[in-house]
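**Student:** Each chain is listed here by its residues.
There are 2 protein chains.
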Amino acid sequence: MMADPGLAALLDPKSIAVVGASDDPTKIGGRLLRFLADYGFTGEVLPVNPTRDTVAGLPALRSAEHLPDGVDLAVVVTAAGAAREAVQACARRGVRACVVLSSGFGELDAEGERAQRELVATARAHGMRLLGPNCQGVANLASGAVTSFSSTFTNFGLRDGPVAIVSQSGAVAGMLAALQHQHATGLRYWVATGNEADVTVAELVDAVLDDPGVRVVQAYCEHLADVPRLVAAAAKARRLGKAVLMVKAGATEAGARAAGSHTGALAQPEAVVEAFLRRHGVVRARSLTELSGLSRVFETCAPARGNRVGIVSNSGGLGVMMADAALAEGLELAELTGGTREALRAVLPPFAAVGNPVDVTGQIVQQPHLLTRVLPALAADPWVDIVLVALGIVGPTYDIDAITDDIAALHAEAAARGVLVAAVSVGGRPELAERLAARGVPTFDDDSACVRAVARFAEHSAWLRRTPPPAAPAVAAPLPPGTGLLSEHASKELMVSWGLPVVSGRLVASPAAAAAVDLPYPLVVKLCSPAAAHKTELGAVRLGLTDARAVARAAAEVLAAGRTAGVEPIEGVRVERMVRGGVEVSVGATWDPVFGPTVLVGSGGVHVEVLRDFRLLIPPLDRAAVVDAVRSCAIHPLLTGARGAEPLDVDALVDLVLRFGERFAATGGALSEIDLNPVFVLSDGVVVADALVRVADPAREEP
Amino acid sequence: MMADPGLAALLDPKSIAVVGASDDPTKIGGRLLRFLADYGFTGEVLPVNPTRDTVAGLPALRSAEHLPDGVDLAVVVTAAGAAREAVQACARRGVRACVVLSSGFGELDAEGERAQRELVATARAHGMRLLGPNCQGVANLASGAVTSFSSTFTNFGLRDGPVAIVSQSGAVAGMLAALQHQHATGLRYWVATGNEADVTVAELVDAVLDDPGVRVVQAYCEHLADVPRLVAAAAKARRLGKAVLMVKAGATEAGARAAGSHTGALAQPEAVVEAFLRRHGVVRARSLTELSGLSRVFETCAPARGNRVGIVSNSGGLGVMMADAALAEGLELAELTGGTREALRAVLPPFAAVGNPVDVTGQIVQQPHLLTRVLPALAADPWVDIVLVALGIVGPTYDIDAITDDIAALHAEAAARGVLVAAVSVGGRPELAERLAARGVPTFDDDSACVRAVARFAEHSAWLRRTPPPAAPAVAAPLPPGTGLLSEHASKELMVSWGLPVVSGRLVASPAAAAAVDLPYPLVVKLCSPAAAHKTELGAVRLGLTDARAVARAAAEVLAAGRTAGVEPIEGVRVERMVRGGVEVSVGATWDPVFGPTVLVGSGGVHVEVLRDFRLLIPPLDRAAVVDAVRSCAIHPLLTGARGAEPLDVDALVDLVLRFGERFAATGGALSEIDLNPVFVLSDGVVVADALVRVADPAREEP
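Going down the list, the sequences are from chains A and B. Heads up, the first sequence is in my numbering, so the first residue is 1 and it goes up one at a time. Heads up, the second sequence is in my numbering, so the first residue is 1001 and it goes up one at a time.
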């Protein structure tokens, strides 16, 4: 089933050797044997123990050297020193995959790091895959192949289900499994990668998606390694209609530092991580509880056709709070049709609210099957894409079976039409939530958590509806010679060669030549030098020049200002048309050493980095993603005609970003940074008014 | 104990009449008697039933007319029609407080609204307080006086505790009680106010705070009514060291509309509500779960001395996630002293992280009292104000008693020093959380919820440390004559009379007079008319005039532009100095019909409403609140020297806002709106460059 036979052996072993096996279940080597028995593993188990003939009733081998040929999986639980020998022996015996639970390697010191590199070299030399070291192992809940010492497996009788948990941290993997168990759903795979000397989270995410039994991957990373494999995995998930959910910790500088202190990894720029995950449809959660809640929706629901919510509650107040939360999370409140309202009025008591949210009131106590009539009416409304059923305090006189039946029936029926149904029970009897969950309805005990999870799901559904961008359009992106910063004129010429709408201008050498430039007034004069990035601060810009004499004087002044400030080399003076009206935005790009090209769109002006009103995008870009990015900026209302102003040409801005992003990606890293700021968005078109290009130094950065 | 004897009788009745009493516990009148017995009410219970001699074994009265004198509380459970007679009878018999559970009043139609007004008139005529109608009643868990039909009281054996729940919605009050019960703490009072014909949430919040047994009030409102009483209650809470926590639903327009549909109340502007609650130290939650979590911290913790967090976890990953969350919520991560690090290094295994977060690793299994040594070291660090203990997966080999003892001991000891201790158990054994809660440690099952609650608590502690502003400083605020908009010149003259730093300028009638104005160049010329609020759009502004001839020409042009546009009346031309450099902000004020004066500070420019980069403040202002508001704006880094620019005079901006806010409040509503935009913040001082004042129309708005 899986492309890599080593990973297949790791995830679904038929034979397991335990190196360091013990009779004592309080020792790790004993606990593993106990887990294999308790979870019903029926494959071959081969205990290895240097002093015993049998362990836990099974014949034991004295050393890994005596393993039969081609064991699928060996688990090494000995101390670090012995682990090195064991790994060598396993590799020589043709073991397909080896889990090294032992610590004392890269996480400890430089010597451990060296030993760890040796383990990997040994494994690779023999084509054996290696999980860990310093990891909590792997489990397959379908076969019972539990080769982990996590106390998660002791605390809970975990069961098979549609989720794979793949985590750098064993403790986090354990918490996720516990949350999964609390919500009465199961998991197929559980893997904790530890030091990731060989097998990575990205590879495992990719591999577990091949299992038809897996619908959702819950991933935990502190550092995104193996980016191309993660991209491939995300594409596979999209193709197969599965979801990858992730907590990427270390989002803040302090968090990243803390993560670094126990994994040694470097901080990754948060805005780029965010853009990367969004680009590839990896759904991000901020806490394990949120991840678990998201998973409940993704495990049980078909993609939603839209983001318009209809809310039904037995508490007016709960309905209002959910409406507030829905709007705050980017969902819309459905405007019910007249027909729906009439249908609701016919079945609800006269004092009930038939708007949205619908308040069925305590009447549900008298009419246990009130939802039978209310829910289908709401879910049949063409404007309702998502039905949220919120129940507060379900007393002893509520007929829980009837309510469960009604909600579960709607959930099953509506899915085929792309209508999502989720439930909330706040402070109610626990049986209600349990029965709903057992019937496959995603159920929450907190209204805001429900709304948040559903909002992320609806965003993901929208992403699935979008046509994926072509892999990488073959475009030509002319490049300048040299390295380092280009002057404004050279930068703009490059952008012109890329087909971008740049303000017209000429490079001239003298005030007289400036005066002779044949462009319509008013004009702008700027000193032109690769060493004058911040011209305004230098006094090297003159705006609004309305005749030749003013242009000549301005040219002389900016040249003098440049010389006074010691600017060198001075290429001359750029004389260009002055752009007026519209709204200033900025468009930029940088080449990230890990993630490659990133494109920025945001508000313009000198303070874009300070105000942080921007969004990053990762090429190849699709139009919908760019539109979405522009919409997410605080300045967006200015572009669409705030304060009664005429709406501006947002389409042209989107075209510019698409074209710019394509070409920047096509440079393959030859340019390290471009800053187009400001770009004026006008009522008809856009125009780049300033540009700054930095060419990468090939000696420092691999293009 | 309470000022209002009617409210005292409502909240702590010694005698209770049940009008509509029944033997049948499935009926409301029977359920009430059952609750009174079950919850151990030992006062007098007087069933009223028109056809029975005894009810539930108690002698019954035929009618409320036969009640003895001065019964504390009567509960009316009959249909609406009979309820009106019952209320009249109760009022005549000198009942102190009456709870009308019956519906069919203001929530139904205009006739119900009339009937409701009658109830109130009857009650007021006899000095009787009235809760409801259409409410779920009131309960005192100390005395067992449960006069509510909420199934909350059936589902759970609620117990006495330090919380009062006061809610417009009965269902919400029920959910809050259930959450309180789930977290093993109790409540003293439970009140649902329903239609609030007489007794309001604000009054009840004020009243329950008088009870020494109440530490925290959990309030739910969809509309803030009775604002002065709420202000008084908040002041009382501050004085007594108690907290008022609130969910104010209807924060979005759609939410407010939904709330209005079942309470009839109007939407309240969210930014003003937010400012009001912040001003008065009312801690806001966005969901009931969040409210309940906040309550756990406020119930059990003394105010924190600061916001620097030290995190201890048995999972490195959990520690990293909490560090991320702490920074996102405005907390700081404490930088541990060298001494603390050394102390930690001495007790932790070599591979454990001794930075912050501290990772004690699974070593706690081998050393159950590891926290005994780690926690005091962390809590003794002078840089740690808050200790968060986060435990993920606590396996069967963990010594839960030892861990609980260690955390609870620290919680008790550290409180005296203003150090807050809270705990998180994610996916762990439920006993751990239960035992910690039983020992008074605020405990969460979600790391991000814990951090959020602790962050709000730390903010409240900071608010408590601030000196409250003087009630209302006695300042003179000169007022202009007339109504409606003032011209820019008149607006600026008013601001000068308030002592604000306004850019120097003169009002002149002609181009010649403009040319003669004796102010240093460059100058600005603007058309001056109360009808020309948007001068730039009119072409009625000229900037950067450097000599008398340019000034004269500009004056002629703007006058012509005004006449062409039909502007009338034209007061003349304002000639003023041109402000250069610095950063533009805006300062404004409006007089809200419910909340009174509100003051705005935010980014400047024409698009302040679009970009929404502002914060509202409610006078009287204190310096710390203004500083905090300025800091919360996205432009703040520009004021403090971003991009290596020199830092600007933020103190002068704060002074301006304080002076402006004082004077605006002193107008008593005579001015409806002021907009100072832009105000330039310079390296030395601030200057108001544009001003617009609107005088209230006394015919339309009561000053």
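Treat the hints with care, since some could be wrong.
So the derived label-pair ranges between C-beta atoms look like this [said to hold, decoys possible]:
1) B:Ala-1271 to A:Gly-440: 49 to 55 Å
2) B:Pro-1468 to A:Ala-346: 53 to 59 Å
3) A:Gly-339 to B:Arg-1631: 34 to 40 Å
4) B:Ala-1271 to A:Leu-519: 45 to 51 Å
Bear in mind the hints are in silico, worked out from the structure with no lab data behind them. Model, not experiment: these values are computed from the prediction. Ideal Cβ placement from N, Cα and C applies to all residues, glycine included.
**Student:** Broken hints, numbered, in rising order?
**Tutor:** Violated: hints 1, 3.
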